[in-house]
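Trainee: Given the coordinates of chain F, assemble chain G onto it according to the supplied hints.
Protein sequence lines, in the order shown, are assigned to chains F and G. By the UniProt record's numbering, the letter at position 66 of the first sequence is numbered 66, and the numbering carries on one by one without gaps. By the UniProt record's numbering, the letter at position 124 of the second sequence is numbered 124, and the numbering carries on one by one without gaps.
The set of hints was computed from the structure by calculation and includes no laboratory data. This one's a predicted model, so the numbers in the text were calculated from it and none came from an experiment. Heads up, the beta-carbon is just placed ideally off N, CA and C, and yes, glycines get one too. Some hints here could point you the wrong way.
[To be verified] Each pair of labels, with its calculated beta carbon distance range:
id: 1; chain 1: G; residue 1: R259; chain 2: F; residue 2: G49; range: 48 to 58 Å
id: 2; chain 1: F; residue 1: T64; chain 2: G; residue 2: A177; range: 47 to 57 Å
id: 3; chain 1: G; residue 1: R207; chain 2: F; residue 2: N99; range: 41 to 51 Å
id: 4; chain 1: G; residue 1: P7; chain 2: F; residue 2: G74; range: 41 to 51 Å
[Said to hold, decoys possible] These stretches of chain G come out as covered by chain F in the derived footprint (C-beta under 8 Å, 3 or more residues):
id: 5; segment: 46-54
id: 6; segment: 88-101
id: 7; segment: 225-236
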Amino acid sequence: MTSPHHLTPPPPAITAAGLRKAYGDKTVLDGIDLHVPQGTVFSLLGPNGAGKTTAVRILSTLSTADSGSARILGRDLTADPRGVRSVIGVTGQFSAVDNMITGAENMALMADLHHLDRRESRRITAELLERFDLVDAAKKPASTYSGGMRRRLDIAMTLVGGPQVIFLDEPTTGLDPRSRHNMWQIIRDLVSGGVTVFLTTQYLEEADQLADRIAVLSRGKLVAQGTPDELKRLVPGGHVRLRFDTASDLASACRALGDGTPDDEGLTLQVPSDGSVAALRLLLDRLDRASVAVGTLTVHTPDLDDVFFAVTGHPDNDKVEAR
Amino acid sequence: MSAPSYPLRDSATMLRRNLLHARRYPSMTLGVVAMPIIILLLFVYVFGSSLSAGIGGGGDRAAYIAYVVPGILLMTVGSASTSTAVAVCTDMAEGIVARFRTMAISRSSILIGHVIGSVIQTMISLVLVTGVALAIGFRSNATAVEWVAAAGILALTALALTWLAVGIGLANPTAEAASNAVLPLSFLLPFMSSAFVPVESMPGWIRWFAEYQPFTTVIETLRGLLTGSGIGADGWLALGWGVGLTVLGYLWSRNRFNRSSR
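Just chain F, with the same shape it has in the complex:
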């Protein structure tokens, strides 16, 4: 390797070109291109079965692509898997902790495998257990941990080697809301420390909250890519949803407004609106004048749900949940 000139830009954290993977006749990844700059959070968003985990398995050297190439910090996955392994950390969808031993023993195991000396090992282990609020549980077997604790231990173990690129495969799936928010804070802290995070999630809100860039994966293809704001711009503006108590109220509202999409079963009317106070006042005035009783009103600004439905074209893809 030639010594990097001071003008040479740092290599991107992750690049991939044309990654393809099939199991039998089922194509799981159908030509994926990625470019993730260092120090950013990249989120791969998609429903179950979209190929997210397969992408992580390939990029983390657990599995090989049928074709295509990828580099992590300039190290080629095929030519230098060891080099890749030395700079990455992976926290999979299923906890990668040894349940038969204690949290502290798990941490010591990682320190040994990273060939840290005893002092360094003790220092890092203590620091991470403290940081992830695991000091009290450190002497207990990991099998007794709650889901949130196990996930924290999992991430703490990933951090022992000081990885520069971290893969988090659905890190909050199955966690309660409190643990989920803890995990979000952990991810934000990681990035502020200069680490690159590759995050997969099926939750749109999570990608919106954390990611600098999002790629939407559907049936093995990236169907949209961009910042959260860029993606939101892909879909038309927001709307107001009016809910009525009776079908006749709904019908009167339709007549009074002459606009919107009624849902006769849900007794709701969806009216396009930018959600501004002026627009809302105008809308309510018109309903008042027609003496229509409105149950509730919600203002809906476009979110990634709309994006997902817009770019994949199947709103029935109910496995994507907005929480």
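Mentor: This is chain G only, laid out in the frame that chain F set:
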């Protein structure tokens, strides 16, 4: 440019992990010794008198104890290999092994840790079973050198069966399947050997199989070392089987491990 490799250090780390498992869960070791001890007691106290008459011991139970103990020791090694196959199979399904595979460590250390850990566990089990045998009246006229040689041939056999068990653990999708697949090693081979009755008492083709299969050669070698019966060619055959099966099991396991992407 690649990260430096520390195969010995990584193997030692993996061995520590496996020994920690064994220490935390002593029931695993007890499970290994339970079967051979029960069989030993059954064969000595239930069948012992009749079988003793069959081996020319004139119905003397003590003579049969001396005859059966080497076979029981081998059965202990077989029983331990069941435990190894199940442990490896279970371990491979754990996320922690997937984590190991994404780390810049020596890959073979994962298997080597299992193998050395299992051989140590097997040797401890053998000590326990030998203790029970001595307690019920097994006596040996072996010299210290012969005891060491007996321990050596048992360790080699344990190594061979452990590598085969690791391969079985890797090749089978579930712990139940692995446990069944190892049965020929842990159950069939001991019974179709000279462990309980002399091969001369068996009919035609079974006798031919029983005479040359690995368990019989090792049992006859042990018998020679511990009770002073003749060893003959069995010593060399036992060594050959031990080394051959070790190499075979190692190559098979390595191949399965590198191939499997579970």
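Trainee: The structure should be examined with respect to each hint, and the outcome stated for every one.
Mentor: Here is what the structure says about each hint:
1. Between R259 (chain G) and G49 (chain F), the C-beta spacing of about 25 Å breaks the proposed range 48 to 58 Å.
2. Look at T64 (chain F) against A177 (chain G): about 26 Å separates their beta carbons, and that is not inside 47 to 57 Å.
3. The hinted range of 41 to 51 Å is satisfied by R207 (chain G) and N99 (chain F), whose Cβ atoms lie roughly 48 Å apart.
4. Evaluation of the 41 to 51 Å hint for P7 (chain G) and G74 (chain F) yields a failure: the beta carbon distance comes to about 26 Å.
5. As drawn, the segment 46-54 of chain G meets chain F at 0 residues by the rule of a beta-carbon pair under 8 Å; below three, the given contact is violated.
6. Check result for the segment 88-101 of chain G against chain F: holds, 7 residues qualifying (beta carbon to beta carbon below 8 Å, three or more required).
7. With a cut-off of 8 Å between beta carbons, the segment 225-236 of chain G has 0 residues touching chain F; three or more are needed, and the interface restraint is violated.
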